[in-house]
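A.B. asks: Here's the letter readout for the chains.
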Amino acid sequence: MTTTTTGPHVTGPPLPSGGGREVVIQLDDVHKTYVMGEQQVHALAGVDLSIYRGQFVAIMGPSGSGKSTMLNVLGCLDRPTLGRYDLAGDDVSMLSDEQLSDIRLRRIGFIFQSFNLIAQLTVRENIEMPLYYLGLDPHESIGRARELAEMVGLADRLEHRPSELSGGQQQRVAIARSLANDPQILLADEPTGNLDSATGEQIMALLDRLNAEGRTIIMVTHEADIAAHAHTQVHMRDGLVDRIEGVGR
Amino acid sequence: MNKIRLVRNVKLGIKSLLLHKLRSLLTMLGVVFGVASVIAMLAVGEGSKQAALEQIEKLGTNNIIVTSRKSAESTAAGGAQAGSRVAVYGLNYEDEGRVTAVLPNVSRTVPVRKLPKRASVNGRSVEVTLIGTKPAWFELVRRDLIAGRVLTEHDERTVAPMVVLTDDVARDLLIASHTIGQPIRIGEKVFTVVGIIQNEQRIGAAGDTLDSISDVYIPLSTCRSYFGEIISEERAGESSREVVDLHRLIVEVVDRDQVESSAKVIERLMERLHPAHDYDVSVPLELLRQAKETQRRWNWTLGSIAGISLLVGGIGIMNIMLASVTERTREIGIRRAIGAQRIQIIQQFLTEALLLSINGGVIGLLLGAVILPALITLYSELPTDVPVYSIVLSLGISVFVGVVFGLYPAIRAASLDPIEALRHE
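First to last, the sequence lines map onto chains C and X. Residues in the first sequence are numbered from 1 upward in steps of one, following the numbering used here. Residues in the second sequence are numbered from 1 upward in steps of one, following the numbering used here.
Looking at chain C on its own, in the form it has when it is part of the complex (with noise of 0.2 Å):
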């Protein structure tokens, strides 16, 4: 990857009808350099990008654009090499592996394009997971879990191994286990991508309605249809955001 492209840096305010809200995250600068062999590889060449509370933001390119590293980047499962990351007024760049881990915990939900469920737990369990790490009561924590099964609509389905169920189903427990936090963001890493797109529709719709309560969603995709859910699509290209389109609400 080069860093000769160098496109329109985002910074602040003026992110398509973002102007006023709060900025949930905020990134200036950021550059993530891998070494392979004898190589430096730019994974992100300099990103500003801001996105405000209750944004959905669609993060697209073609492979090697960056987008991954983003994204692990903004989950905290990663540090930048350089630059500034910003998460709710807090400067996470040069966190300690332990204050990201609790930062994890505490404040992001994940969704894979493999939903990444556990096998040998139960839905329940799986559900349960982040809030064993919180350290609930074992009892709270079955209640919650419940709850979100519930609302993902698998409350008939808490005592089943994720393999009994069919894809959009076990998407739909990885959703509920990224909520069990109750995490201002929500990062989806191609959420649609291992499911027909009927399913992927649904769970699109999943994604829409907690956006509309108010939750925060950074989605990656290379799918146009499915960006077209986000409010906001950041286009990357060679590490850099190349261009911004759409609009928040």
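Calculated from the structure, these hints are not laboratory results. Relax, there's no trap hidden among the hints.
Taking lysine to aspartate or glutamate and the EDC-like style, the derived pairs with C-alpha atoms no more than 20 Å apart in a straight line are:
(1) X:15 x C:164
(2) X:15 x X:327
(3) X:11 x C:140
(4) X:49 x X:381
(5) X:11 x C:159
(6) X:114 x X:167
(7) X:11 x C:137
(8) X:292 x X:46
(9) X:292 x X:57
(10) X:58 x X:139
(11) X:70 x X:229
(12) X:3 x C:140
(13) X:3 x C:137
(14) X:15 x C:159
(15) X:117 x X:229
Small disclaimer: the values here were computed from a predicted structure and weren't measured.
Mind docking chain X on chain C? Use the hints.
C.D. replies: Here is chain X on its own, set in the frame of chain C:
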């Protein structure tokens, strides 16, 4: 809160171990056999130690035993024509008085003269060890009196032809409680049976004891006057003639703490009295101490050898845990992405390793403390005794094995990069 976490971790651990039942079982077996062999080895060690200590304690921990010994010189004197010459060696009758004269803290001394003889009653005869001794013998070597009485000072003074038999000899000669007082022929002489005492109870390994089951006891004065000073023995067609006053002199001191210093005094005294060095001074207390020390080393040796199998068991755990970490890389990635701290991943995998090792330890404990000792005693007749400390020890080492061999895989699991781990497969 920590308790809840622990319970959750244990539940989770059991769940994932049950997922691969055979694998978990085989892994556990390594620890099972390791712990079992450590405990069984310690049980064998402890058992033989107890047996040895019992033997030594029978000699009396307050005693100093001086035994006559045929020295090189006295044997040489017998030399080529053993038949015609008389070997003169050993303790003298006077030595008893000399010892009490130099040692004020002696509670009693017992002189022992031993003659191999044949005893017969009504045509039944049996080989016996005739013991010429003083009444103090019966105070020092306490055996239950079955019938009659033991020898007295009066018997000694009056050179009485009285004899006390052991249970075993009495039975061989068909002498029972109601026939006390009947005559018995020993050698060429006739004695009166005045009492029967209990045999020494021999258990386990053979060892030196003060008395034997073939003993018959007569007063020392009677012994001298009836049988003279020359001891003739026919053995394998060769006759040997010896002059030995006392075969043994047992000195009992008042205080156990003075046993060793008193033994030194006796040793010096004997050196002066017997320049031919035809005696041995042995201190059961010293033997006891040596036996304990020997046993301690022996335990370490056996334990270490058994420990190697435990090491193998531990390596088995590490192997399986490493495989498990690799298999579950993705799970680790998911947990980390969701917000699990490294330490929580470590706890999770360490709990699993500990479940394997502790369960293995408990099963191994049953095997090593109950089943193996029973089998060993049954087939090899080695005495076994499971010391309490070995139970604590085995549980301790199984925890230790779990931590030592589970920690590395757990740390490896925790140090996986979450992104890499999520991408795994």
